[in-house]
Amino acid sequence: MPHICIGFEVHQPYRLNRMFSPDSKVKKKDLFDHYFDSLNREILLRVVDKCYDPATKLILEKLDEGFACSFSMSGILIEQLEKWSRDTLSLFEEVARHKNTEMIGQTYYHSIASCFADKTEFREQVTLHSELMHDLFGVRPTIFENTEFTFNNDVAATIRDMGFAGIFTEGVDRILGWRSPNHLYTCRDIPVLLRNTKLSDDIAFRFANRTWDRYPLTADTYAHWIASSSGDIINVFLDYETFGEHFWQETGIFDFLRALPEELSKRDVGMILPSQVVSRYSPVGDIDVRETISWADLEKDTSAWMGNDRQQTAFQAVQSARAYAVNKPLWRYLQTSDHFYYMASKYGTCGEVHIYFSHHEAEDAFQTYMNVIADYESRNIRNMKNRKSAKILRTLSPEQAFHFACPTGFIGHTAYNLDQFEELLCFIPPDSLNYHQERGDFARWITDVLDDPELAERIGGLTERHDLLSVIQERRELLWSHLK
Amino acid sequence: MYAERVGGLARAATHLAETLVTQGHDVHFFTRGAIPDQTIKGVSYHYCQPSGKNIVEYCDSMSASMVDQFKRCDTPRRFDFLHFHDWHPVQALHHLQDRNTILTFHSTEYGRFGNQFGDWWEFKEISGKEWYGGLIAKRVTAVSATLKKEVMWLYNVPDEKCDVVPNGVVPREFRAAVDPGEVKRSYGIHPCAPLILFIGRLVYQKGPDLLIEAIRKVCQHRWDAQVVVAGEGGMRQFLEERAKNLPVNFVGYIPDSEYVRLLNAADIIVIPSRNEPFGLVLLEAWSAEKCVVASNVGGLSENIDSFENGIKVDVDPESLAWGINMMIDEPETAGALGKRGRIKVDRLFLWDPIVRGLTDTYARTVA
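Those sequence lines, one after another, are chains F and X.
All residue numbers for the first sequence refer to numbering that gives the first Met the number 0, where the first residue is 0 and numbers rise by one.
All residue numbers for the second sequence refer to numbering that gives the first Met the number 0, where the first residue is 0 and numbers rise by one.
Where hints are given, some of them may not hold.
Restricting the straight-line Cα-Cα distance to at most 20 Å, the calculated cross-link-like pairs of lysine to aspartate or glutamate (EDC-like) are [as the list claims (entries may be wrong)]:
no., chain 1, residue 1, chain 2, residue 2
1, X, Lys40, F, Glu453
2, X, Lys137, X, Asp97
3, F, Lys82, F, Glu41
4, F, Lys390, F, Glu41
5, X, Lys40, F, Asp134
6, F, Lys82, F, Asp134
7, F, Lys118, F, Glu290
8, F, Lys387, F, Glu453
9, X, Lys343, F, Asp296
10, F, Lys82, F, Asp52
11, X, Lys343, F, Asp308
12, X, Lys40, F, Asp418
13, X, Lys40, F, Asp296
14, X, Lys137, X, Glu121
15, F, Lys327, F, Asp32
16, X, Lys40, F, Glu463
17, X, Lys343, F, Asp52
18, X, Lys40, F, Glu473
19, X, Lys343, F, Asp466
20, X, Lys40, F, Asp32
21, X, Lys343, F, Glu473
Bear in mind the hints are in silico, worked out from the structure with no lab data behind them.
Isolated chain F (complex conformation) (with noise of 0.2 Å):
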């Protein structure tokens, strides 16, 4: 019979100021307020009461019975509780320190880092997060989950090279073709723990959902699921803001929690925390993880955060901020995953899934986050070295940047920096092309956005795409080469 290994995923982002708009007046140190909505100490508090302190407190009452799980809380919604509510913080703290519950890395800031080509910041966020742990609760995790468990084999060899003993990622199909989720695999060398997708989400998602023939799910229907399946382990992994946020109290959720336990050991299923199922069995094969899968939505891959052009733009502009980032508090709280789910554009299930999730529409999300890295970057250029060059490759707000046209209008192609600029050049139709050369519209945007008289004066008369091209190109390494 297979033991249960049960997590609970524990987030809050900062969320971004609805009504932001660049004021610079605003001084340095209120900047955090103006970036970021208050409406987030009102979220917070609301899921406090919801889930955080009634989840808590019935989980410390379950653990001294037996019942064993792990927890990977966020960088900054640690720093929200010190903020907001210190209680909740000493909740978790005792349950922290529980010798049945186990703490999990994850990155400090619920990044998107992982994405980035280079993994420094990556590595530099999940040390952070190490020390939080050490700092608050005295344990170092030696089990990984990455953001929403994104996962590849990058990033397994970087969690192995920073001496993690195991890694979350989630069952995917398509990566794990016959074999079950249900066992100990190893990828790039370091044990990977497999979430089962389908014992997860019917909690997860299908709880409280009546059209769902199994409707209502008790604690004993799904004890008896975990204990008729094969395998060494199943690993359970769940949003901790399931009990209460987003199934309510009146769902019976917590009733389901209070009741799982003894259901589980009537049936002699054992519970397992994931360091133990690491030293305890041993992998049974190896996966070779090449595209990045995710848990999230229908797709399993990264197309929550990065899947449409909108969410492309937004994170290669954060990615290159990393030059600007003389505040780097204030660049990371830019990296976290949930701005990037806010500006999804989905269908279907998932599309509700993401919509309730968010507190604006997916447009709106974009140009206020684009308005925010704008305004974040040129603050940043005063206390550069290089100041022209900074200022030419800076990244613009939606005002500024350069909307791409035919005689008849808009063609829907924005680029938001001289990156993209040159990156969309290769894309647009000639026409589009022929028609802004002739009225000199990129020279002009070019002196007046940009600031850069040089490189305008170079592209005046060009008329060949790869022409323009190549002069871009070659004037935009330059600049960036005097910012490494």
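Starting from the structure of chain F, add chain X where the hints point.
For chain X alone, coordinates are given in the frame of chain F:
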């Protein structure tokens, strides 16, 4: 190599060449043009200016110049593989037949005439060249399984000699964040009216007449439906006559940027072709995450999974109208189908993996 600006061939051949370069190959591209030789994105282009009284003589003259240019480039290095596209350079293929040659069919003369045999001399001459090319090339590729079957049937190319290498697409060229309402308004169409787009040559093969007849039925179902027909062709006058009392806007030939705007503003893209060896419009619509209603023929039939990423209908107005009506009534479903089409593009129709498949074909010429 050779590309002629007809349909998607020039674009396809250019992307093939550029992708081969990014994968570490050295590529020389022989084509026609009145400009000096140049290198773009690592591809060396060699141009020639052929002449001739008719299309066949013109292509023979072009082949002769290409062979001369090729021989100049062939020493001191020696090209490993020679890839020819369509019948136009078959004469060059003939002169270089001892080398490792590959011939790609993008269509056949039979297909271009709407699945009919012609009895005029060009038809016979061109078909003859297609047959001869297929005979002497070391390997043959076709852009879809349907076209492969067609080539095997018409020209007796053996199955084991012929591979399917589909066309690819660069999705970012077609996906754009335009405001559909604004674009519709610029055509005098209400922002909320469902917009149906047809793009292609107005010729029998592409079935625009089927669309017009189908729209008659669509209008009985939805008074507010609007159609934009983009493209030119011999049938235009006839079609305009037929569409007199229908909400159909003939916009003629449109520049690429206008196409991208329309593509992203449309609610449904219709491909009513009678014969379609591949159907590039499908990949373009999918790139823009648009729902397609298409005839169940050729490459369209192979690549669309009905009700998964598009709707396949019979080659007849009744069936076409049924598909269009269903998708106008369920915009949510239409959106989801388009979205899944884009996923299929990202999995199967990007140039990089396609060119890897092509290099496998190259390897087979020497195996």
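Verification of the supplied hints:
1. X:Lys40 - F:Glu453: Status violated; Cα separation ~24 Å.
2. X:Lys137 - X:Asp97: holds, 9 Å
3. F:Lys82 - F:Glu41: Satisfied, since the Cα-Cα distance of roughly 12 Å is no more than 20 Å.
4. F:Lys390 - F:Glu41: violated, 37 Å
5. X:Lys40 - F:Asp134: Judged against 20 Å, a Cα distance of about 53 Å means the pair is violated.
6. F:Lys82 - F:Asp134: holds, 17 Å
7. F:Lys118 - F:Glu290: holds, 16 Å
8. F:Lys387 - F:Glu453: holds, 12 Å
9. X:Lys343 - F:Asp296: holds, 17 Å
10. F:Lys82 - F:Asp52: holds, 16 Å
11. X:Lys343 - F:Asp308: Roughly 17 Å separates the two Cα atoms, so the pair holds.
12. X:Lys40 - F:Asp418: Holds, at roughly 18 Å.
13. X:Lys40 - F:Asp296: Measuring from Cα to Cα gives roughly 38 Å; hence the hint is violated.
14. X:Lys137 - X:Glu121: violated, 26 Å
15. F:Lys327 - F:Asp32: Roughly 16 Å separates the two Cα atoms, so the pair holds.
16. X:Lys40 - F:Glu463: holds, 13 Å
17. X:Lys343 - F:Asp52: violated, 45 Å
18. X:Lys40 - F:Glu473: holds, 14 Å
19. X:Lys343 - F:Asp466: violated, 34 Å
20. X:Lys40 - F:Asp32: violated, 47 Å
21. X:Lys343 - F:Glu473: violated, 35 Å
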